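Student: If you're matching them up, the sequences are chains Y and A in order. Just so you know, we're using the numbering used here here: the first sequence kicks off at 7 and counts up by one. Just so you know, we're using the numbering used here here: the second sequence kicks off at 7 and counts up by one.
It should be emphasised that the hints constitute simulated quantities derived from the structure, not laboratory data. Model, not experiment: these values are computed from the prediction. Please note: incorrect hints may appear among the correct ones.
Pairs count within a copy or across copies, as identical chains cannot be separated in the list.
Stated by the list, open to error - Derived EDC-like pairs (lysine to aspartate or glutamate); straight-line CA-CA distance at most 20 Å: (1) K207 - D218; (2) K176 - D266; (3) K215 - E350; (4) K277 - D266.
There are 2 protein chains.
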Amino acid sequence: MTTAQANQAAFERLTKAEPVLVDIRPAIEVVPGMTRHMVLTSGPPMRWSEYFGGQRDGIIGGALHEGLAGTREEAIAKLDEGEITVNSCHEHDCIGSVAGIYTASMPVFIVEDRQTSTRAFCNFYEGPSRYRLNYGAYSQEVHENLRHIAEVISPVLADAVRLTGGLPLKPLIQRALHMGDELHSRNTAGTILFTRELFPKIVEVARHKLDDVNATLAFIRESDYFFLRLSMATAKATANAAHGIAGSSVVTGMTISCRDFAIRVSGLGDKWFHGPHPTLQGRFFEGFSEHDVEWMGGESHHTEAIGLGAFAQAAAFGLQAYQGGSAEAMVANNLAMYRITVGEHPDFRIPYFGFRGSPVGIDVLKVVETGIVPLIDGGLAGKGGGQIGAGVLMAPIECFKAAAAAHATLGPTTTAAS
Amino acid sequence: MTTAQANQAAFERLTKAEPVLVDIRPAIEVVPGMTRHMVLTSGPPMRWSEYFGGQRDGIIGGALHEGLAGTREEAIAKLDEGEITVNSCHEHDCIGSVAGIYTASMPVFIVEDRQTSTRAFCNFYEGPSRYRLNYGAYSQEVHENLRHIAEVISPVLADAVRLTGGLPLKPLIQRALHMGDELHSRNTAGTILFTRELFPKIVEVARHKLDDVNATLAFIRESDYFFLRLSMATAKATANAAHGIAGSSVVTGMTISCRDFAIRVSGLGDKWFHGPHPTLQGRFFEGFSEHDVEWMGGESHHTEAIGLGAFAQAAAFGLQAYQGGSAEAMVANNLAMYRITVGEHPDFRIPYFGFRGSPVGIDVLKVVETGIVPLIDGGLAGKGGGQIGAGVLMAPIECFKAAAAAHATLGPTTTAAS
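So that you can see chain Y by itself, here it is in the shape it has in the complex (with noise of 0.2 Å):
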């Protein structure tokens, strides 16, 4: 298979996608390899040595919340014994938002792919509180609000889930797409459709839980970004069912560590290609700037992978009110993407540009021909914790160009008339 062959492989497979929300349920009963005393946090795989930061913060949290210890310095002490481990998210299928915290008893949306039977897993958005477990945050009330998310909303829900018989995502995506939103910094009609789609079920499930039933609709209600969650389960799946594919040079993985920006390819197995981390322009919140920006990991770029966020930019001329920028410049963002892509999604569609389909399928070679780099929609996490902006990254060239160079060293059989 030539290079351009593969590539058009990965295509079909990122665009033919069928991203099915089959049902909600504790990660430890659910996710691959999960264990009671792990945490599961974004990037790259690493030892627990190596995070520092927000990051580590974030992991510390997550161990108090589970339970697995009563102190912070208990917590330390365990992780360093190994009592608590620390895995990447990405090695149990998982895809980390920001920090990417998961423990044993989060609820997490399971997304199957039904063309290819891959799964992929995402937890809960925590809510519009700027203090998060995934943006390093840690306190009494995050503990408590997660609490409510794993015992009241998840419960609603996994219900009326589970009265549909699988909720298919991608007409919701689609049309979320003509509605403002491009799925990665923009939920709000992804949200909202999700929600109304779900309704008819609610309201059988209100028949015994009306209490939690009208919890669940508060707190959604409240939430713009709880469909963000489901668009990077699906992109997750997506990537992985894209993954593995002999002589590919698509990206099937965009991951950040406090450490780094990594990514990986989908001819060039499980290696992860670093860079540093991304340049950004950004939108702060009252009192921050640009010196506040702490990085401390993640994962939900996959929707940029998959032809979402930055990909679709211009469907979404409202993000300009939470990550700055002009109208003008989201549209050539947009275009330059489709420099950098293998084909336009038949699915994904942007009105602006008359319908055309987003630019999907980054190919490390063109992103190192032309010198464009991915773009990517994302929030913006602060020293100390908690969301303080959200802003247009630029991913960092070297892992592309780390990408290419082992790329080019695949037999000529993979790499002709790419």
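Fit chain A to the supplied structure of chain Y, relying on the hints for placement.
Tutor: Showing chain A alone in chain Y's frame:
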């Protein structure tokens, strides 16, 4: 008061209105002057003998639907004799979509501008069928659908609305503008936001009316235009609130009948100024063309008079799929409307324009001066009844010239510094 001052006063009324959905009731209970033997229709007041074509068919269909006659011939005879009366929607604070047929038993939304206590009424969207009474079509199916709306859908929504104690519509409209709606020909987001807003109350209603609630949810799910009737009632209440300001040259009503197009102006009393039917650029359903268009009424373009519809076209690029055109043309159309309006809406904002307020307060003097006529996003009715497409309509300059001429005859104290 100078014209400029009068127009500023009209602008304030148009932009500061606080439309609230206060109830849903049968027209006979709440529409001022409504009787059991009355049919209301779109357009300026006319005699029964002046109606023809689809609009006349719609009036006859309304009489049959209401049980005022058993056959078409009987209905015509009773209309000829005045036993069944025909009035304009406008005379009863109602607003007609296309032919705009209202009869006594039809449920209407009651929208009140909390700033001025002005009330307006709009009946229900009939659902996605191409054949609807308001498009001049009448059959057993149309009849049964209207009964279903009156007996099942509207009581559920009325119960839910009453439980809210009054549902403010402005926040929903503001938000829908950021989600791809312009609230005339695209109401997808408005409909979903409205439904979500009512969810917690619908859950309560479901405890004693589960089947009806499920039917209601199914109906709204298929009706992306459901919210149109709420934006129309909002537009009518808002435009009425801005009517009657001495010296103002701002348009407070635009209407179409089978005969012509007409406007009224805030400072020019009850007079309607007439012109020919609009010219249009349409997109037609399969098998239809411009030659099949029949004018059978319409008043939904009151939405344009309050800064929505074509005056917010650049908020709704998805409209291309419905009414044709290109994103570029939509931007140009929308920008042109700033040249004929008093100001920019402080609350209705267009993301693509960097959240610039939509143009609002159509000034007949500016229309005549620039030669730029108001554009209208509208559905298109076909000969023989039913919807056959949608498009952008250009209002006729003649009615604006006539209104400007009438305005010029006002005393000098009211026209200075216009």
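Student: Would you mind marking each hint as holding or not holding in the structure?
Tutor: Okay, the hints, checked on the actual structure:
1. K207 - D218: Classified as both: same-chain Cα gap 14 Å, cross-chain 14 Å, threshold 20 Å.
2. K176 - D266: neither (31 Å within a copy, 45 Å between copies)
3. K215 - E350: For K215 and E350, the Cα distance exceeds 20 Å both inside one copy (45 Å) and across copies (47 Å).
4. K277 - D266: within (15 Å within a copy, 71 Å between copies)
The structure does not agree with the numbered hints 2, 3 stated previously, though it agrees with the rest.
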